[in-house]
Amino acid sequence: MDLQTEVVIIGGGATGTGIARDLALRGIPSLLVEKGDFTSGASGRNQGLLHSGGRYAVNDPDAARECITENRILRRIAPHCIEPTDGLFVSLPEDGPEYRADFIRACGAAGIDTLPLSPREALSMEPRLNPRIIGAVQVPDGAIDPFTLVVENARDAESRGARMLIHTEVTDLIRDGLRIAGVRVRDRITAEAFAIAATWVINATGAWANHILRMAGLQIGLALSKGSMLITNTRLSERVLNRCHPPSSGDIIVPNDTVSILGTTSLRAEDPEHYEVTPEEVTFLVDELSRMIPDLKGERFTRAYAGVRPLLQLEETGDDRSISRGFALIDHGSCSGPAGLVTITGGKLMTYRLMAEKTVDFICERMGLHVPCSTHVQRLPGAGQGHTLKDRLLRLRRQTPSAKGEILCDCELVPREAVDAILREGKVRELQDILHRTRLAKGTCQGGFCVYRLLGLLNERHKADHRGGSNLILKAFLEERWKGIRPVLWGTSLKEEELIESIYKGLFNLTPAEPGRPGGGEA
Amino acid sequence: MKRFDLIVIGTGLAGLTAARTAIGMGAKVLIVGRGMGALTLFGNTVDLLGEIPPETEMAEGITHWIAAHPEHPYARTGWEGIESAVAAFRELFPPPYPFAAPGRGNSLLPTGAGTMRPTWLTPITMAAGAAMTPAETLIVGFRGFKDFQGDTVSLHLKCRGVILPLPRYGLEGLTAPALARLMDETSFRERLGESIRQQMAGERFIGLPAILGLRDPAAVLKTLETITGARVFEIPMLPPSIPGTRIFHRFREELIAKGATFRMGHPVSGAIIKDGRCEGINIDNPPLVAEYRADRFILATGRFMGGGLWAEMDRIIEPVFDIPVFQPGERGNWFGERFFDPEAHPIHRAGVVTDADLRPVDAAGRVVLANVRAAGSILAHHQAIEEKSREGIDIATGFLAAKRALAS
Chain E
4 MDLQTEVVII GGGATGTGIA RDLALRGIPS LLVEKGDFTS GASGRNQGLL HSGGRYAVND
64 PDAARECITE NRILRRIAPH CIEPTDGLFV SLPEDGPEYR ADFIRACGAA GIDTLPLSPR
124 EALSMEPRLN PRIIGAVQVP DGAIDPFTLV VENARDAESR GARMLIHTEV TDLIRDGLRI
184 AGVRVRDRIT AEAFAIAATW VINATGAWAN HILRMAGLQI GLALSKGSML ITNTRLSERV
244 LNRCHPPSSG DIIVPNDTVS ILGTTSLRAE DPEHYEVTPE EVTFLVDELS RMIPDLKGER
304 FTRAYAGVRP LLQLEETGDD RSISRGFALI DHGSCSGPAG LVTITGGKLM TYRLMAEKTV
364 DFICERMGLH VPCSTHVQRL PGAGQGHTLK DRLLRLRRQT PSAKGEILCD CELVPREAVD
424 AILREGKVRE LQDILHRTRL AKGTCQGGFC VYRLLGLLNE RHKADHRGGS NLILKAFLEE
484 RWKGIRPVLW GTSLKEEELI ESIYKGLFNL TPAEPGRPGG GEA
Chain H
2 MKRFDLIVIG TGLAGLTAAR TAIGMGAKVL IVGRGMGALT LFGNTVDLLG EIPPETEMAE
62 GITHWIAAHP EHPYARTGWE GIESAVAAFR ELFPPPYPFA APGRGNSLLP TGAGTMRPTW
122 LTPITMAAGA AMTPAETLIV GFRGFKDFQG DTVSLHLKCR GVILPLPRYG LEGLTAPALA
182 RLMDETSFRE RLGESIRQQM AGERFIGLPA ILGLRDPAAV LKTLETITGA RVFEIPMLPP
242 SIPGTRIFHR FREELIAKGA TFRMGHPVSG AIIKDGRCEG INIDNPPLVA EYRADRFILA
302 TGRFMGGGLW AEMDRIIEPV FDIPVFQPGE RGNWFGERFF DPEAHPIHRA GVVTDADLRP
362 VDAAGRVVLA NVRAAGSILA HHQAIEEKSR EGIDIATGFL AAKRALAS
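So the sequences go chain by chain: E and H.
Offset between the first sequence (1-based) and the working numbering: plus 3.
Offset between the second sequence (1-based) and the working numbering: plus 1.
Source of the hints: derived by calculation from the structure; they are not laboratory data.
All clues given are correct.
Which stretches of chain E does chain H cover? Using the computed rule of at least three CB atoms under 8 Å from a CB of chain H, they are:
#1 452–460
#2 490–498
Not the full set, but computed from the structure, chain E residues with beta-carbon under 7 Å of chain H:
#3 Leu481
#4 Glu482
#5 Glu504
#6 Ser505
#7 Leu510
Think of the CB as a built atom: it goes at the ideal place given N, C-alpha and C, for glycine as much as any other residue.
Okay, chain E solo, but in the shape it has when bound (with noise of 0.2 Å):
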């Protein structure tokens, strides 16, 4: 099965989806490719905030008025991804009155409205933030929910002609004399290999930037920042709340419905694919973040998770942070590579659509089209609908009008329903593709309970994949939950843990894979 195309986009993330859904505007044919599901990389491994643009203001002027421009333009196009809750830069007494003097002059010249609030007024606001604050000001923050604009830009993409194959890896690139003319690729679950022709190849894929590139002998400038993220199992704040002090780790917390992601740490990874959250950075933004919120220690944290950025490094400096968040658009055939590859990387999920809107005036101006962009004014196609939680309740009622609702998950509230949906859709291929298109194992057990009842429900229609039966499914699937829950487990989430534990080792006695162990496991 050998595919043909004008332009490949490798990588499903925020940028790849957001330059299919642009290409697809403007009529340009395009097929993406990605190795997992949409959003496996920095796309659904991020804070979820959408930035004002305040956190760069006094430092990076550029990126401040980048924010601010996208964030007017996210709240129009995408507004059913977007919580408006605002956010407060807060002044501890360390933090002093001079930063917070030249914050609110700095957002003033990008451009981000400010409101000076007193402590009392924050406090007012804020009721968990700590008394000691000397002042706060409001900005234009909120909070975003990445993977379902990632899957609506792919859906709307879609809609208009684009093609997406996920679980598709690039093996190698096509070489044509000068020219780089279309990719190799792997089917990840049934190893079908196949050749994608295009006249443009887009290397999208983020901090796999140079995985890709090495297959065409090339390399690019980039360091590896992991940034690590708590979440807790209550919503701490009404607002995004921000240290008002040049940025730094451990700074943010951002409420996303019912709960709040508590960042970040600035590491260098050197694999983008295999990291871990040590105990150590736990410890550090607990202690860190605890001076805004000062019985953050009492909280029940239910997972922890990182991401890695791609950092733009032109030339060498010592931190991280200081490195431009800005992002590069190479067009390697003007910079003694071959032809037809175009690599864009760095940037921020502020900046995707803008990524994308670059990317593809650059491909329109070399194909010679005069099309213009026109993703900053099309909404998505899910627009129209709130995504709260009364929201979803409200949806939850007129899509089960009868008895008929049984709820897979009670954490989340996910009907059996929203499950076939998906699955009568036909585009999920494992078991993580279902769980990135709902709310299932989000919640406060973390799929303890309703990954179970999910796979009953796929046995049932045959869906998994009986090699081995869905417990091996089950077992991968508490493996996977294991890392994002092991840095947490203290106080109540231990408590749980406990629970989960009787249940899969005790009760049903799932062991590990090893076979012959006296009495145990599978039958």
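Guided by the hints, dock chain H onto chain E, whose structure is given.
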């Protein structure tokens, strides 16, 4: 102020066993608990030690095993202690709902994941599970009852399976306790038995989720076996556990009948300590704090789930008496890198270390409180989840703690 011979803290299987043992010895007993304990979540069968192979005789297997595990709670009770405690447990469950060991060693019973699991005593409602063969067994799940996935069970056991709609109700979203109460109704279980019979293709065994009634499970079993002509067995499933709830109710009924004082739903908020002894405890009952005094105390508050142990970010504590806890190292080492590590996670070894008399001791081996004993899963140096020894440890140490407490 009320005074007792013995106060048992904890209403799980260890605490219930201790209280019943003490009542049997004529003591005036108070048993207090925050909730119903892990028994009502996971209690199904009585496990002693799952790693003893089914072909090995249990007494012999455990005796050898204890010799190799001198720090394990079983080393305090010995096989004799386990045997007499389990015999006392069985006396509490006469026919028609007895607990028995299907074999001389462990038996393998099917689970809600379609795996086989070793155990020692099974209630009569689970006994046929040890005898079933895949070709002769029908697994029955219920539409809308999500905590038992019948297709997962039948697929892994390689049996035939059916998912039946439940009679009478639009029952999607039904919980195990609600379903068990419905099974207590004769007309309901007769109709269910009839709809199972219509699905049968000559099977001799029928496996159902463990919901065969709360009040009279033996009668439910009999109805279903009469109608279907097959041997019916319950399969353990996601918590809560109906068989465990039956055990809890039986103990409570017995304790109350014999004059024990039962206080549930309120946490112990403090202990009155004087000269190395506990004189009394405070029970939080807002807006009041009640004080209860006794000569002896048994701490059977379980592990993390039950609240017997609590993990701070840097260490593990025992909240009631602040008894020293055997620590599993730094937080980064509490758990292995994989969920299914071949070894149990180091944290499972944490717990209260005792002398031979089950009195908690500090790191130097000195008794901490002369009249306090610890029993059940709060004890250190066992791996109840991996070992499949939860009920055995609870019953054997609860029994021993009460005997030793009243002998002092």
